[in-house]
Amino acid sequence: MFIDARRIPQDKIIETEVCIIGAGAAGITLAREFIGRPFRVCLLEGGGLIYDVETQALYKGEITGIPYDPLHVNRVRYFGGTTNHWSGWCRPLDDIDFEKRKWVPYSGWPFSKSHLAEHYKRAQRICQVGEQDYDPELWQTHDARPLPFKGQHTTATIFRHSPPTRFGLVYRDEIERAQNINTYLHANVVDIETTDPANTVTRVRVACLDGNKFWVVAKLFVLATGGIENARLLLLSNKVQKTGLGNQNDLVGRFFTDHPGFDAGGFLLSDPRTSISFYLGNTVVQGKRFTGGITLSPEVLRREGLVNLCALIYKTDWSGVYAKPAARALIRRREYGHFWRYVADAITNIDDMAVSTYRKMFKPEARRQLFMLVTVIEPAPNPDSRVTLSTETDALGKRRVRLHWQLGRLDRHSVSRAQELFATEFGYSGLGRVLITTGDNNDVPMYTFGDHHMGTTRMHVDPKQGVVDENCRVHGISNLFVAGSSVFPTFGYSQPTLTIVALALRLAEKIKGVMS
Amino acid sequence: MITRVKLTARRRFLGVLAYLGLFGIVRPQHSLSAPHDEQLADSLARKLAAFSRQTTGARNVGREYLLHVPAENKPHVLVDLICATGGWRHAELANTDSARLRVMLQDRIRRDFANGQVVNLHGWILSQTETRLYALAALL
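Each protein sequence line maps, in turn, to chains A and B.
Numbering-wise (the working numbering), the first sequence opens with residue 1 and increments by one.
Numbering-wise (the working numbering), the second sequence opens with residue 517 and increments by one.
Since the hints were derived computationally from the structure, they do not count as laboratory data.
Careful: at least some of the hints might be erroneous.
What the simulated footprint calls covered on chain B by chain A, stretch by stretch (three residues with Cβ under 8 angstroms from a Cβ of chain A suffice, anywhere in the stretch; the number is not a length) [said to hold, decoys possible]:
| # | stretch |
| --- | --- |
| 1 | 567-575 |
| 2 | 645-653 |
From chain B, some residues computed to sit far from chain A (all C-beta separations above 12 angstroms) [to be verified]:
| # | residue |
| --- | --- |
| 3 | Asp553 |
| 4 | Gln555 |
| 5 | Leu556 |
| 6 | Ser559 |
| 7 | Lys563 |
| 8 | Val585 |
| 9 | Ala587 |
| 10 | Glu588 |
| 11 | Gly602 |
| 12 | Gly603 |
| 13 | Trp604 |
| 14 | Glu608 |
| 15 | Ala610 |
| 16 | Asn611 |
| 17 | Thr612 |
| 18 | Gly632 |
All C-beta atoms, glycine included, are put in the ideal place defined by N, C-alpha and C.
Throw the hints in and build the complete structure from the sequences for me.
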């Protein structure tokens with residue numbers, strides 16, 4: 001049942017067994033798992049069923065550090081959460097992303113990727129990308145194959161594409177019909193109250209923009225409001241634990257990150273006939289669209305001490321949302337000018353005599369094209385990137401968020417070293433030549449990010465190193481759990497939605513066990 | 517094993533040359549004082565220049581390279597360096613037919629990338645050998 005929280009009597013106390021705070025990908029996944037279970041579920045969503053400006057303004061906040069999209073623009077606050085503007089890219093994390101790596105400080109999950117295998121399979125279906133198969137071998141067609149690199153540094157990788165699944169639309173009827181689930185819309189949680197000492201959550205305070213307020217009492221609570229808001233709510237809930245819930249070791253809000261995309265230069269193909277359809281996102285295999293990428297093998301990452309990363313390819317005349325302006329800039333960059341055309345002319349002749357012969361015979365105007373490389377990295381966990389509370393308040397009287405994001409030396413070194421390795425591979429394989437953009441101090445321009453908010457309530461078995469334990473329970477609080485990308489200790493380069501859903505499925509199993 | 521070439525800013529170009537100098541690659545191994553060797557070198561220079569088809573692109577890339585490395589602004593020097601890098605004697609290359617020579621040079625170019633013997637020219641990472649071939653094309 002869907003209920004407008006603005007119609008709840010003032011200060012009413014709603015009793016339930018499981019209270020899920022937030023109806024995005026994680027919250028809706030959890031709720032669906034509890035349909036038909038022998039316990040009541042209360043799902044609290046701050047927005048309504050459609051976008052509204054006033055509710056969205058609750059997401060405004062301050063930004064310091066790296067220039068970033070406004071916080072009320074890169075998040076969506078209505079039923080379905082940020083899946084309402086999700087682009088649909090899906091890929092699980094890699095095995096190495098879960099490992100403790102000596103060269104990546106603060107790395108390591110409490111479990112390996114294999115622990116999530118079954119959850120990933122189900123997450124695939126929930127995100128409507130079909131069966132799990134990310135082996136590039138399975139995605140080749142006559143015209144779409146990975147570039148035939150001859151070295152051992154690079155491998156191909158695959159991203160799958162959800163329709164994209166708007167969780168709020170696709171799963172709305174199912175949740176509305178569920179007998180044991182009440183969904184409260186326009187219900188903003190503004191405080192999480194606990195016992196003293198703060199080892200059990202007793203209730204949450206809910207406020208509506210029209211001034212209405214009420215309480216929800218439950219046996220168990222799940223915070224599922226997103227990578228920034230999860231931390232904010234814990235920091236705001238400071239009546240008993242003055243630093244904020246779960247923040248006894250000053251970790252809540254720290255380690256924030258997104259997935260930065262760097263302008264990693266471009267490349268020319270020696271043979272203009274070489275197809276790169278595999279990488280352009282336009283190829284469909286068995287009815288499913290995918291996009292290929294170029295990544296470095298785990299052995300190279302270990303040997304070189306790099307974070308995980310992937311290079312995406314864009315045509316410089318492509319009309320993709322992010323590619324076009326940066327691609328034009330690549331061609332017109334003052335110091336490069338039209339030099340790329342000379343290089344294109346030179347290498348076409350030097351790398352492959354057959355190409356020369358072809359052109360002599362048919363004299364086509366073989367179209368030379370400069371392709372752009374955008375390298376997306378797994379940022380190294382950085383405790384100095386953090387969500388804190390601003391002095392400004394929102395319409396509900398609660399302190400807004402202040403976001404500070406910065407990247408470190410390992411991040412930039414990984415991008416610039418990857419450029420060099422890609423350049424080596426292209427040349428060694430006779431495929432073409434790479435243009436790199438590394439400047440002084442290994443500085444590579446960043447020009448995009450994924451709006452993936454991660455890391456702010458990271459997972460670790462040790463409360464001195466994590467906000468939640470391996471079961472996503474807040475350390476020190478018996479009945480408060482956290483869902484979503486805020487629990488990621490490391491981030492891979494994969495988009496987080498698939499992993500968010502997989503972790504939510506895992507958490508749902510735990511909660512079913514607790515509730516039974 | 518692929519050896520990393522340290523590339524740093526605008527000085528990366530000269531940095532690469534310093535790196536190559538450590539391996540004795542910058543300095544030619546062979547002397548060309550004898551007159552008959554000069555003729556051989558001339559002939560070989562033209563043969564190597566033809567490898568890049570001496571296109572406009574090759575010539576322009578070669579010119580840019582020579583602007584930065586004026587010490588290599590002579591065909592004989594370039595020929596010596598190409599032979600030294602490849603471990604070839606002049607006569608060996610001079611007596612190799614064009615098809616075989618192309619295969620040898622392409623293999624050398626690929627090994628340049630594998631060994632980190634590369635040049636950064638306006639951001640483009642090129643093989644040292646191929647860049648010298650472009651330079652020959654620009655001079656002849």
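Results of checking the hints against the structure:
Restraint check on the stretch 567-575 of chain B versus chain A: 7 residues with Cβ-Cβ distances below 8 angstroms, three needed, restraint holds. Under a criterion of three residues with beta carbons nearer than 8 angstroms to beta carbons of chain A, the stated coverage of the stretch 645-653 of chain B is upheld, 3 such residues being counted. The claim that B:Asp553 is not at the interface with chain A holds, since no C-beta of that chain comes within 12 angstroms of its own (minimum 27 angstroms). Its beta-carbon lying about 26 angstroms from the closest one in chain A, B:Gln555 satisfies the requirement of being farther than 12 angstroms from that chain.
Residue-level check passed: B:Leu556 sits 24 angstroms from the nearest beta carbon of chain A, beyond 12 angstroms. B:Ser559, annotated as away from the interface, keeps every beta carbon of chain A farther than 12 angstroms; the closest lies near 21 angstroms. No Cβ of chain A approaches the Cβ of B:Lys563 within 12 angstroms, the least distance being about 15 angstroms, so the stated non-interface status holds. Distance check on B:Val585: its Cβ is at least 17 angstroms (rounded) from any Cβ of chain A, clearing the 12 angstroms threshold; non-interface status holds.
Listed as a non-interface residue, B:Ala587 keeps its Cβ farther than 12 angstroms from every Cβ of chain A; the least gap is roughly 22 angstroms. Against the 12 angstroms criterion, B:Glu588 stays outside the reach of chain A, whose nearest CB is about 17 angstroms from its own CB. For B:Gly602, the non-interface assignment is confirmed: its Cβ lies about 15 angstroms from the closest Cβ of chain A, beyond the 12 angstroms cut-off. Listed as outside the interface, B:Gly603 is consistent with that label: its C-beta sits roughly 18 angstroms from the nearest C-beta of chain A, beyond the 12 angstroms cut-off.
The beta carbon of B:Trp604 sits about 18 angstroms from the closest Cβ of chain A, which is more than 12 angstroms, so the claim that it is off the interface holds. The Cβ of B:Glu608 sits about 21 angstroms from the closest Cβ of chain A, beyond the 12 angstroms cut-off, so the non-interface label holds. Separation of B:Ala610 from chain A is adequate, the least Cβ-Cβ distance of about 20 angstroms exceeding the 12 angstroms criterion. With a cut of 12 angstroms on Cβ distances, B:Asn611 stays outside the contact zone with chain A, its closest approach being about 20 angstroms.
No beta-carbon of chain A comes within 12 angstroms of the beta-carbon of B:Thr612; the shortest separation is about 15 angstroms. Distance to chain A contradicts B:Gly632 as a non-interface residue, since its nearest Cβ pair spans about 7 angstroms, not more than 12 angstroms.
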